[in-house]
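> Residue numbers (my numbering), protein chains in the order written: chain A, 18 to 111; chain B, 18 to 111; chain C, 18 to 111; chain D, 18 to 111.
If you're looking for bench data, these hints aren't it; they were derived computationally from the structure.
Note that the coordinates shown come from a computational prediction; the quantities given were computed from them, not determined experimentally.
Possibly wrong hints are sitting among the right ones.
Repeated chains share a single entry, so a pair holds when one copy, or any two copies, can fit it.
[Stated by the list, open to error] When the alpha-carbon atoms are kept at most 25 Å apart in a straight line, the in silico SDA-like pairs for lysine to any residue are as follows:
1) K21 x I54
2) K21 x K109
3) K109 x L47
4) K109 x S36
5) K109 x F53
6) K21 x G32
7) K21 x D52
8) K21 x V88
9) K109 x H83
4 protein chains.
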Amino acid sequence: MVMKATAELQVIPVGAGVSVRAEITRVTELLRDRDFIVETHASGTNIEGDLDAILDALRTIHVTLHAEGTVRLLSYLKLETRTDREPTLAGKRI
Amino acid sequence: MVMKATAELQVIPVGAGVSVRAEITRVTELLRDRDFIVETHASGTNIEGDLDAILDALRTIHVTLHAEGTVRLLSYLKLETRTDREPTLAGKRI
Amino acid sequence: MVMKATAELQVIPVGAGVSVRAEITRVTELLRDRDFIVETHASGTNIEGDLDAILDALRTIHVTLHAEGTVRLLSYLKLETRTDREPTLAGKRI
Amino acid sequence: MVMKATAELQVIPVGAGVSVRAEITRVTELLRDRDFIVETHASGTNIEGDLDAILDALRTIHVTLHAEGTVRLLSYLKLETRTDREPTLAGKRI
C-alpha cells in the first residue's frame, strides 16, 4: 500500500560554522532528485510524496552529508498523513 | 535595545475537528496585524520582525483563540537571532 | 552500514478530541516493541536506536494508527546523527 | 489575567562547535532562575509556568547568550495552553 504524505524538513549541521548554506543547498538537491513536489522556504523545505520515499530521503540526507564531511546533523521533520483525503501541499495553503 | 528575529510559527488546535483552517486563518490575520514581514506556506508562517513583538504576537494568538472558543492549542515556534548581521527571511532562502 | 541515531518523536492526532492520551499510549507501545532505548517525557518520546529502525517505526506508527481509526496525524521528529562518537540519549543529558 | 502553559524548549547555537554543552547548560540555568517547574531531558527542557514568564524567559535566553558571545541561535519551542483544565507537565506524562 502506498501512503501519501506531506512534510517539512529542516536540517541543521552543528559545528559547521555560522553559515550553513552549503549543507542546506545539498539537502535541497537531494530532495529534488526524488519524485516529490518540493517547496523551499525560509525555515525549511516542504515536501509532498510517498511516505516511504520521504523517510528514505531523510535517511539518504543524513548518510550523504556525513559521507561528505558533516560531523553532526540535526533534522526537524513535520510529517502529516490523513485518510479522509489525499494530503497535498496545495491543500494546506491559506 | 531592539533585537531583530526571524521565526516560523505553526499553531494546531487539538480537538477542534479534522479541519483546522478557520483557526489557521485567524492566526495569519493576527500576524498580519503587526509590523512584520509575513510569509505563509504549507507548514506554517514565516515571520520577520522584532523579537519582543514576535513573542507578544504568540501570546496574543493563544489568548485570542482561547477567547474565541478553542479549548486546546499547541504552537510550534522556530526562532532565530544572530549578531553578525540582521536576520531576514530573504537571507535564509536557498 | 548501520548508523546509530537519537530522536524525539511527538505524534498529534488532529480532530480526535481534546484528549489524545489513547493515541499517545499506542505510539509508546509501538516504540517499546522495538530494540530501542525509549524515554517518555511530557512533550514526546526520546529514542535511541538504529536510524533505519527509527524511520521504519515512524512509518509503522502512521500506518497502524490510521488502520485503527485515526483520520489525521501530525508527527514532529527531531533526529540526530553524528560521526565523531556514537550518539546516545545518556550523552545528551545536562 | 494569568494564563498557565506548558512548553518544551530546545536551543541550538549554530557555528559554536560540535559540542554545545556549555550553551545548553546556560539555558537550563536561566530557566531554573524562574518560578517554573523545569524538567530537562535528552532533547530539550520541559517547562510549566505562566505563559508570559515562559515567553519572557525565551527572550532573556536569546539576549543573554548573544551578550555572552554566541553569534547565532536557533530555538525550538513547543507551547501548549488549554482552557478545560490547568495544563501541567504531570498531566502530560504517559
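> Decide, hint by hint, whether the structure agrees.
Status of each hint after checking the structure:
| no. | hint | result |
| --- | --- | --- |
| 1 | K21 x I54 | within (12 Å within a copy, 29 Å between copies) |
| 2 | K21 x K109 | within (14 Å within a copy, 28 Å between copies) |
| 3 | K109 x L47 | both (24 Å within a copy, 18 Å between copies) |
| 4 | K109 x S36 | between (30 Å within a copy, 10 Å between copies) |
| 5 | K109 x F53 | both (16 Å within a copy, 22 Å between copies) |
| 6 | K21 x G32 | between (34 Å within a copy, 19 Å between copies) |
| 7 | K21 x D52 | within (12 Å within a copy, 27 Å between copies) |
| 8 | K21 x V88 | between (32 Å within a copy, 13 Å between copies) |
| 9 | K109 x H83 | between (33 Å within a copy, 20 Å between copies) |
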